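Number of protein chains: 2
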Amino acid sequence: MEKQDQLLMKKQNKNLVLEIIKNQSPISRMEIAKITGMSPTSITRIVNELHLQGFVKETELVTSGVGRKAVLLDVCDDVFFTIGVEIDKFIIKIGIVNYVGEIVELRRIPRLESESYFETLEKVNMNLKELIEKNRIPHQRIIGIGVGLPGFIDNQNGVVKVSDQLKWKNVNLAEDLKQLTAFEVMIDNELKMKIVAEDFKGSAKNSHHAVLVGIGSGIGSAMILNGEIYRGDSNNAGEIGHTVINPTGNVCNCGKIGCLATYISEGAIVGDARKVKEIDSILDVFEAYRNGESWAHNLMDRTTTYIALAVSNILCLYNPEMIILSGDTIERLPEIKQPIEQKCDLYIWEPLKERVKIVYSQLGEHGVVLGAAIQIQNLLLDLE
Amino acid sequence: MEKQDQLLMKKQNKNLVLEIIKNQSPISRMEIAKITGMSPTSITRIVNELHLQGFVKETELVTSGVGRKAVLLDVCDDVFFTIGVEIDKFIIKIGIVNYVGEIVELRRIPRLESESYFETLEKVNMNLKELIEKNRIPHQRIIGIGVGLPGFIDNQNGVVKVSDQLKWKNVNLAEDLKQLTAFEVMIDNELKMKIVAEDFKGSAKNSHHAVLVGIGSGIGSAMILNGEIYRGDSNNAGEIGHTVINPTGNVCNCGKIGCLATYISEGAIVGDARKVKEIDSILDVFEAYRNGESWAHNLMDRTTTYIALAVSNILCLYNPEMIILSGDTIERLPEIKQPIEQKCDLYIWEPLKERVKIVYSQLGEHGVVLGAAIQIQNLLLDLE
Numbered sequence: 447m448e449k450q451d452q453l454l455m456k457k458q459n460k461n462l463v464l465e466i467i468k469n470q471s472p473i474s475r476m477e478i479a480k481i482t483g484m485s486p487t488s489i490t491r492i493v494n495e496l497h498l499q500g501f502v503k504e505t506e507l508v509t510s511g512v513g514r515k516a517v518l519l520d521v522c523d524d525v526f527f528t529i530g531v532e533i534d535k536f537i538i539k540i541g542i543v544n545y546v547g548e549i550v551e552l553r554r555i556p557r558l559e560s561e562s563y564f565e566t567l568e569k570v571n572m573n574l575k576e577l578i579e580k581n582r583i584p585h586q587r588i589i590g591i592g593v594g595l596p597g598f599i600d601n602q603n604g605v606v607k608v609s610d611q612l613k614w615k616n617v618n619l620a621e622d623l624k625q626l627t628a629f630e631v632m633i634d635n636e637l638k639m640k641i642v643a644e645d646f647k648g649s650a651k652n653s654h655h656a657v658l659v660g661i662g663s664g665i666g667s668a669m670i671l672n673g674e675i676y677r678g679d680s681n682n683a684g685e686i687g688h689t690v691i692n693p694t695g696n697v698c699n700c701g702k703i704g705c706l707a708t709y710i711s712e713g714a715i716v717g718d719a720r721k722v723k724e725i726d727s728i729l730d731v732f733e734a735y736r737n738g739e740s741w742a743h744n745l746m747d748r749t750t751t752y753i754a755l756a757v758s759n760i761l762c763l764y765n766p767e768m769i770i771l772s773g774d775t776i777e778r779l780p781e782i783k784q785p786i787e788q789k790c791d792l793y794i795w796e797p798l799k800e801r802v803k804i805v806y807s808q809l810g811e812h813g814v815v816l817g818a819a820i821q822i823q824n825l826l827l828d829l830e
Numbered sequence: 447m448e449k450q451d452q453l454l455m456k457k458q459n460k461n462l463v464l465e466i467i468k469n470q471s472p473i474s475r476m477e478i479a480k481i482t483g484m485s486p487t488s489i490t491r492i493v494n495e496l497h498l499q500g501f502v503k504e505t506e507l508v509t510s511g512v513g514r515k516a517v518l519l520d521v522c523d524d525v526f527f528t529i530g531v532e533i534d535k536f537i538i539k540i541g542i543v544n545y546v547g548e549i550v551e552l553r554r555i556p557r558l559e560s561e562s563y564f565e566t567l568e569k570v571n572m573n574l575k576e577l578i579e580k581n582r583i584p585h586q587r588i589i590g591i592g593v594g595l596p597g598f599i600d601n602q603n604g605v606v607k608v609s610d611q612l613k614w615k616n617v618n619l620a621e622d623l624k625q626l627t628a629f630e631v632m633i634d635n636e637l638k639m640k641i642v643a644e645d646f647k648g649s650a651k652n653s654h655h656a657v658l659v660g661i662g663s664g665i666g667s668a669m670i671l672n673g674e675i676y677r678g679d680s681n682n683a684g685e686i687g688h689t690v691i692n693p694t695g696n697v698c699n700c701g702k703i704g705c706l707a708t709y710i711s712e713g714a715i716v717g718d719a720r721k722v723k724e725i726d727s728i729l730d731v732f733e734a735y736r737n738g739e740s741w742a743h744n745l746m747d748r749t750t751t752y753i754a755l756a757v758s759n760i761l762c763l764y765n766p767e768m769i770i771l772s773g774d775t776i777e778r779l780p781e782i783k784q785p786i787e788q789k790c791d792l793y794i795w796e797p798l799k800e801r802v803k804i805v806y807s808q809l810g811e812h813g814v815v816l817g818a819a820i821q822i823q824n825l826l827l828d829l830e
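Taken in sequence, the protein lines are chains U and F.
All the letters of the first sequence, read from the start, carry residue numbers 447 to 830 under our numbering.
All the letters of the second sequence, read from the start, carry residue numbers 447 to 830 under our numbering.
Just so you know, these hints were derived from the structure itself, not from any lab.
Don't take every hint at face value.
Identical copies go unnamed one by one, so any copy, or any two together, can satisfy a pair.
[Stated by the list, open to error] Derived pair list, reagent style BS3-like, types lysine-lysine, alpha-carbon separation capped at 25 Å:
| id | residue 1 | residue 2 |
| --- | --- | --- |
| 1 | Lys-569 | Lys-799 |
| 2 | Lys-789 | Lys-569 |
| 3 | Lys-535 | Lys-615 |
| 4 | Lys-503 | Lys-456 |
| 5 | Lys-615 | Lys-799 |
| 6 | Lys-789 | Lys-723 |
| 7 | Lys-607 | Lys-803 |
| 8 | Lys-799 | Lys-607 |
| 9 | Lys-651 | Lys-460 |
| 10 | Lys-607 | Lys-723 |
| 11 | Lys-799 | Lys-651 |
| 12 | Lys-721 | Lys-503 |
| 13 | Lys-580 | Lys-457 |
| 14 | Lys-607 | Lys-460 |
| 15 | Lys-613 | Lys-799 |
| 16 | Lys-615 | Lys-651 |
| 17 | Lys-503 | Lys-803 |
| 18 | Lys-721 | Lys-799 |
Just so it is clear, the structure is predicted and the values come from calculations on it, not from any experiment.
Chain U with its partners taken away, still in its complex shape:
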């Protein structure tokens, strides 16, 4: 066997052992040997290395049964940290996330629509430096920044191709933020980061095929297929907002007629609401709905119909185990969950109905920050 192969296998084994300690701690060396099929000698060697590198610590515990003390292993959750950032039209969120995926602190900063690209970046930089200092985290323990934002994101090259919501086009966000902060930076579409978080500790945990739908100012989806984020050819997979669902319907700003987004996005609902009543924002529509005003019920009835049709279409095409509904509209007006579920029950194709689960996001507004932080950890933290 070649030396190169041996090194690769050694590295894989080390990552495997660390993964097991991370997910199943506290755990004994003997149990790890059983799970992996590796020899106790190999396990002891690997654990010693991980201990020296600061990833693993020992915790002494009394085992149940005969009462003998056994040394168990646990990960050190402060060995490394990553920063998760969400940039949206009106808000920036920054979170410090530790090695086991817990948010140490999350900060919300308002963003102005008039704000320039570099003003936003400067805001991110200033706030994350303050956060790091406040939490007294040594710089060398921070391995990088993950950013989630709406739009067509070239994650490979760190370029925002187009973000209609932020009004950014062809900006080198990863490079620019790296220059400013001196940390490694990865950027990706916000919904893809959200499903990474749901996969890590939310609704999609242990799911092989899951689709997350985001319903708010923008309409989109992201998916885990065969256990991995599915991106398609240019990281655009999941653009459900621009699927045509009514070819004789509303005109969409993309130039097509009848796109889903023209029926269920916040902007579309507000636009139609203003044909009836002077309102400021979507919140006024929700208030009118709660007050029983019929026009608001008609509008939201159409919205829930199109959401359920979208769920049904996603199900036909991706045949996932679960569909996770998320986004501002559902979070702010949870009353629409019931009609959505009733309509899903009417529309979903019979042979698929019994198996699929329609659920809601568990991580709510933390999802993008957490997912982005986990994603950059996954990308950079491959042990040698």
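Here the structure of chain U is known, so what remains is to put chain F in place on it, guided by the hints.
Chain F only, in chain U's frame:
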């Protein structure tokens, strides 16, 4: 390193070497060593084993340049054969396919709509035995039968859950055909087999993300994502025929309103045509179209519009490198290719337009048979 790991690596290396000879023959031992990074001694050992097992033969050729003779390697295309079978409403196709994916002989047998399940199976058995005998193929060289058919197929358990077209429900096709023929049998959805063939030697060759759309008596799609058939949770991924594309439109036999199939399937076109004129089959519609009858042009205009909308929706959701259009409707009325392409140009979302390729099936009516034969080879022929 554990002994088990060594054995696994040995097996992987052997399969890798065979794969390289199969795809890049004629090729020298030295070139294989270069590509794999393995030592010339290892390559010689592996090639000797493959030679003994009958997979590989030597061909002596004069190399270009200095004129020295070099011994090159090639696969033996008759070392193993598989049988591909397509069962459709009115036709059964059976093909013998050799080790390198060439169809040795393909036979078409008419199927009656009134035919029972076991009558069809008996027909398959009788004809494939005749074919094998006629081509003098020793039984021990046939490793199995792959069957592609329309419907909801549980490929894991070899069960046809529902096939509306064949009127079969919950039949153990794999098991029953194995009993009858004494060969190993694998069954799968016809479009999934078709894209396996396109991936092997047709339009999708070298593509990582490709979607094949089938337009004929049924409407469906199949996809290769990240280089593999994507099945979803229960092998139903790609059911585009039942995606809703017009929620105030036609009633579908699935109980929903406005499914794509109600606009572009043969049955739907024929049903609407009969509102205008007494016709026998879809062929009469095509003839009227060629004769310039306006009703037929109106109908096919609507059909091409909905086909292009479906292409646009698939593109938004899967973001593939290519979409392969296939099926009877396009094969029998190729005149509609031009309007489909024109409408795709109007509907496809601008940022995706430049990269995606809209192409047609290259394997035509051989696709399902070839794909099923290749699939069973891939499943069973993993060397020890």
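**OP:** Could you figure out if Lys-503 and Lys-803 sit no more than 25 Å apart (CA to CA) within one copy, between two copies, both or neither?
**Re:** neither (39 Å within a copy, 53 Å between copies)
**OP:** First find the shortest C-alpha distance between Lys-721 and Lys-799 inside one copy, then the shortest across copies, and answer within, between, both or neither for a cut-off of 25 Å.
**Re:** For Lys-721 and Lys-799, neither the intra-copy (37 Å) nor the inter-copy (35 Å) Cα distance is at most 25 Å.
Original post:
Which holds for Lys-613 with Lys-799 at a C-alpha limit of 25 Å: within a copy, between copies, both or neither?
Top reply: between (40 Å within a copy, 21 Å between copies)
Subject >> Up to 25 Å CA-CA - Lys-803 versus Lys-607, copy category >> reply: Between. Shortest inter-copy distance 21 Å satisfies the 25 Å Cα cut-off; intra-copy 34 Å does not.
Subject >> Homomeric proximity label, Lys-569 with Lys-799: Cα distance no greater than 25 Å >> reply: neither (47 Å within a copy, 36 Å between copies)
Original post:
25 Å Cα cut-off: does Lys-721 pair with Lys-503 within a copy, between copies, both or neither?
Top reply: neither (63 Å within a copy, 78 Å between copies)
**OP:** Can you give me the call for Lys-789 and Lys-569, within, between, both or neither, at a CA distance of at most 25 Å?
**Re:** neither (43 Å within a copy, 45 Å between copies)
Original post:
How would you label the pair Lys-607, Lys-723 (within, between, both, or neither) given a Cα cut-off of 25 Å?
Top reply: For Lys-607 and Lys-723, the Cα distance exceeds 25 Å both inside one copy (37 Å) and across copies (52 Å).
Subject >> Lys-535 and Lys-615: within-copy, between-copy, both or neither at 25 Å Cα >> reply: This pair counts as within: shortest intra-copy Cα distance 14 Å, inter-copy 52 Å.
Original post:
Should Lys-799 paired with Lys-607 be assigned to within, between, both, or neither, using CA atoms and 25 Å as the limit?
Top reply: For Lys-799 and Lys-607, the Cα distance is within 25 Å only across copies (15 Å; inside one copy 38 Å).
Subject >> Lys-615 and Lys-651: within-copy, between-copy, both or neither at 25 Å Cα >> reply: neither (34 Å within a copy, 34 Å between copies)
Subject >> Intra- versus inter-copy proximity for Lys-651 and Lys-799 (alpha-carbon distance at most 25 Å) >> reply: Answer is within; shortest intra-copy Cα gap is 21 Å, inter-copy 35 Å.
When the structure is compared with the earlier hints, violations turn up for hints 1, 2, 6, 10, 12, 13, 14, 16, 17, 18 and for no others.
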